[in-house]
Amino acid sequence: MAKTAMPEEKVEPSYLEVSTNKYKKGILSWILSVDHKRIGIMYLFSMMAFFTVAVFFGFLIRLELIAPGRTIIDAQTYNQLFTLHGIIMIFLFIIPGLPAVFGNFFLPIMIGAKDVIFPRLNLMSWYMFVFGGLFAVASMLLPGGSADTGWMFYVPYSVRTNTNVLPALIAAFILGFSSILTGLNFITTIHRMRHPDMSWFKMPLFVWSLYATAWIQVLATPIIGITLALVGIERVLGVGIFDPALGGDPVLYQHLFWIYSHPAVYIMILPAMGVVSEIIPVFSRRSIFGYKFIAFSSLAIAFFGSLVWAHHMFTAGMSDTAQFVFSFITYVVSIPSAIKVFNWLSTMYKGSIKLDPPFLYVMSFIVQFSIGGFTGLMLGALSLNIHLQDTSFVVAHFHYVMFGGTGFGIFAAMHYWLPKMFGRMYNLKVATWAWGIVTVGYNALYMPMFIMGYLGMPRRYYDYLPQFQPYHVASTIGSWILIIGLIIMFTNLWIGMRKGPKTSMNPWGGETLEWKIQTPPILENFREVPDIHAGPYDYSKYETKKETTK
Amino acid sequence: MFTSASNFSNNVDAVFLYIAGLSFIVLIGIIVAMIYFVIRYSRKRNPVPTHIEENLTLEILWTTIPLVLFISMFYFGWVGYKDMRAIPSDAMQIKVTARMWQWTFEYPNGLKTDTLYVPVGAAVRAELHSVDVNHAFYIPAFRIKKDVYANKNNDIWFRSEKIGRYDIACAEYCGLKHSGMYSAVYIMKQEDFDSWYKTTSAKAGLQPALTAQILK
Amino acid sequence: MSEHRHEESHVIEYGNYIFIWLGLLAFTGITVTVSGIDFGNWTIVIALFIACVKSWYVLNYFMHMKYEDKVFKLFIVTALVTFIIFLGFTFWDYSFVR
Amino acid sequence: MSSTEYAAAYPAHRDDYGSRMGMWLFLFTELILFGGLFIVYAVYRYMHQQEFHMAAQELNTTIGLTNTIALLTSSMTAAMSITAMQKGNVRFSKGLIWITIGFAFVFMVNKFFEWSAKIQHGIFPGSKDLLAKPNGEILYFGLYYVMTGLHTLHVIIGVIFFLFILRQIKQGKIHSTRYVRLENSALYWHLVDLIWIFLFPLFYLIH
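As you go down the protein sequences, you meet chains A, B, C and D in turn. Quick note on the numbering used here: the first sequence kicks off at 1 and runs consecutively. Quick note on the numbering used here: the second sequence kicks off at 1 and runs consecutively. Quick note on the numbering used here: the third sequence kicks off at 1 and runs consecutively. Quick note on the numbering used here: the fourth sequence kicks off at 1 and runs consecutively.
Read the hints as simulated data drawn from the structure, not as lab findings. We put the CB at the ideal spot given by N, CA and C, even for glycine. Worth double-checking, as some hints may not be accurate.
[Claimed, not checked] Derived DSS-like pairs: lysine-lysine, alpha-carbon spacing no greater than 30 Å straight-line:
(1) K66(C) with K87(D)
(2) K70(C) with K24(A)
(3) K70(C) with K292(A)
(4) K133(D) with K22(A)
(5) K170(D) with K73(C)
(6) K499(A) with K73(C)
(7) K170(D) with K70(C)
(8) K66(C) with K133(D)
(9) K24(A) with K118(D)
(10) K173(D) with K66(C)
(11) K152(B) with K128(D)
(12) K114(A) with K73(C)
(13) K516(A) with K95(B)
(14) K173(D) with K114(A)
(15) K541(A) with K44(B)
(16) K22(A) with K170(D)
(17) K95(B) with K354(A)
(18) K73(C) with K24(A)
(19) K114(A) with K70(C)
(20) K95(B) with K133(D)
(21) K44(B) with K502(A)
[To be verified] Label-pair distances were calculated between CB atoms; the ranges are:
(22) T491(A) with V71(C): 45 to 51 Å
(23) I156(D) with L134(A): 51 to 57 Å
(24) R120(A) with W98(D): 24 to 30 Å
(25) H53(D) with S72(B): 43 to 49 Å
(26) H53(D) with K66(C): 33 to 39 Å
Isolated chain A (complex conformation) (with noise of 0.2 Å):
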């Protein structure tokens, strides 16, 4: 760690302390801010609110598994824990954790600028997400209770229900549009606001998977926007659109959810992987292996992945056709995931480790993540598709990818960008126990899904026959494990930014620009124009070997 080299110049007061607007203090200056990190700030705070309901909900649904038959909740109540759990986590959790948060309070910093292109629709989408999900979560305290579709919508159940469908559907169109707007201001700013000398080539790991995530998200986000708004049309003006009592499709319905919602699992992990790919060189002190196959490999993923969505429906009767086109995307768009995960390692070969706790939590990114890819690669095969179709097996798999993935990618960019944002560390020492925690409790909770999902326990099963216990016991036993690790660590965290030691520049040793400016930043960013002569992972002054490559 460097924390010599750290000569206290003018400190001009931070972010924190001045307002953009007239509101000195107060939550009237941070709300009505337009200033990127405070805006980043907010999106940190409303989704670990919306996370920590969320989690709670998994935790209802899991105590309630741990035996067959009813153990805490009726059955209705189940399958509304479960729709709310997927719909928070998926729209309020991971899709902006990353992007929202670390995107728009670093993205601006590390390409050189003061702001977002567009700042006030930069607070707009905040403003939009917050609204829509107290949608989601307020429908639960209408009568009716809140949808109990799962967060699929699956049509025609979803216009049959009885419950509140159309708070979650307009939650989700809005939330789908907060999701938009912050895709549309960082392609525009990553276009107009970078410094004058950082080349496309330039810019960090972390701004190229912004950039791809964002161009999905502008351009697949309103396919879901449109589809649920016809259910929602159809449900409450009676317009036959997919209902097959009126002659609807209600495959052509999950074509439709599907197109977007394949894609958004790259939305949700690829911003994961561009914080993977800032934080091993930093913590190897190396130069990154590979760094145009990374960047290009980003867009790679979010081209083919917006060419696999037919995957999800291979039960559905498609045409052998479209199973066998599908089948095969599915095994091309694996391609650019692995060679990001050879280019890690590689990055670590050679380099300087120091088992930080970012770097811990990428470790464990990575494990999980190659097992959420290869489960995949099971699930990409057609006859094993059938038969692992909406069982557990595919909900393990895409926890491992979400959750092992992209939020244990979210866990590591707090480590690591947390003490940057409020100036202060947190416990190292209780860091390293809670990712240890994490991780064993995480794995407790998912890998028997696998198990059981491949001897046939379905999905959404509030009941299960007796064989499959042993499994759901375990299975339930790890996500206390996991929800005592998740308590230490964001005490830790919380604890850290409030009252820990004051740190210094560049705790980690970076070399983006990020790492380059005051800590917590000031206002604009930058007291100067920063200088920019060489790429984002520069270490030349660590490494004195040099090997050329053929």
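Starting from the structure of chain A, add chains B, C and D where the hints point.
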């Protein structure tokens, strides 16, 4: 874990073992490499890192090798799937109707039951139809599954290989009692089936005494 | 990709707009007339082709795409290709025996 | 350098180019939003060709044609208002925007009569007459109402944009050297036109 109860079971399990085996090897490779790097190149042991930009040969290598492996996985999956789609023309036709939350099976002679009875070794084609929302017809032991829709005529076939009772589950979320939408398929000797098929009237459906006898 | 940061405005004369407008009206006339003739399956293709031609003019002249930077053109191609993929790939399912 | 000096050295210029880029990206989302509907249309038309054909007979081509002309003309006046603004001819520009809004009202009035005629004939979602028709026709009219309805909603939003622009012109916030908001509103309006260019043949001209 791997019981061969239908003509598809072995194939699906083989594809699973193939992909799982390969994955396991690579995963162990990744974990071992990572742990080795972390220990061997820790800041204490290796304070001075080495500058390595990129290596085209390696990049090409780890693009093409996975690609070849992936295509082989795809191929095995596709071949297995093609069998699932090649329905023999002499298959016994059974109409399966799904409703919230139960299954009804209708035999060619009009007999309706809530449990499926099938002679061992015979090809069976199930025409799937739903009267309300989406369901999915799933027999885990046979490794088959297909979604059931209201205005789309999906079908599925299997040839059972072992006498016994196997679960039929609904795999597509369909509301309150989704998890209770279980039924069973009884695989019986051809003679047993014939006598059952002839003697059971359309109303009788499941007969516990007979069921016990079959499973004996 | 070079994006110059300077702003240059391109003024299009009224006359040009009227000219384009007349062209668009003419195409509208053609498409209505042609729709009366039965070309079988080609009817829809012809109608869509004319609609595409009309959009081309609206995009290029009314929406000034002709005078915008390369990046904008690249963007619009990206968006259209994405849409065509979404539409086309859906038909992997529908245009073959299901 | 203090932050004020920094601001001078690296000024936050007004980025009209960036605004237009943002607007275009937004238009893409609108395009894909309608794109989803076009996918639904394409699939159902493919599945029910004959019934779509039959149902389309019931739409009035004249109304459709009138609306097409109204939108094309308003698109031209919207584009012209930018030229007028660039030339500093603010009053003419405002006049052209008013004409654009006028055509938008022609469109909406037309649409109103068209829909009410349909509804009087008993063709509306959930009506007995419609439900008695074959599946393909139910889907056709479902799509007809949703697609033209959503399009009309965009017409209304476009009008609101233009009214907002007129206010800003009055306030002097939009003038001959600063008119990117007018440009963006016009872009939005052209998109509304573009979508109609496809809706018209797809619903009115399947004969």
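CB-CB spacing for V71(C) and T491(A) relative to the 45 to 51 Å hint: holds, 47 Å
Would the pair K22(A) and K170(D) pass a check requiring their Cα atoms to be no farther apart than 30 Å? holds, 27 Å
Regarding the pair K173(D) and K114(A), is the alpha-carbon distance no greater than 30 Å? Since the Cα atoms of K173(D) and K114(A) sit roughly 25 Å apart, the hinted pair holds (cutoff 30 Å).
Assess, step by step, whether the Cα of K66(C) is no farther than 30 Å from the Cα of K133(D), and give holds or violated. violated, 47 Å
Going straight from one Cα to the other, do K44(B) and K502(A) come out at no more than 30 Å? holds, 26 Å
Given the hinted pair K499(A) and K73(C), is their Cα-Cα distance within 30 Å? Cα-Cα ~52 Å, so violated.
Given hint K292(A) paired with K70(C) - CA-CA distance at most 30 Å: This hinted pair holds, its Cα atoms lying about 23 Å apart.
Take the C-beta atom of H53(D) and the C-beta atom of K66(C), compute their distance, and say whether it sits inside 33 to 39 Å. Given range 33 to 39 Å: holds, Cβ gap about 38 Å.
K516(A) and K95(B): Cα distance at most 30 Å? violated, 70 Å
Between R120(A) and W98(D), is the Cβ distance one that fits in 24 to 30 Å? holds, 28 Å
Quickly compare the C-alpha distance for K133(D) and K22(A) to 30 Å and report which way the hint goes. violated, 62 Å
Would the hint linking K541(A) and K44(B) be met if the CA-CA limit is 30 Å? Holds - the C-alpha atoms of K44(B) and K541(A) are around 18 Å apart, at most 30 Å.
Hints 2, 4, 5, 6, 7, 8, 9, 13, 17, 18, 23, counting from the list given before, are not met by this structure.
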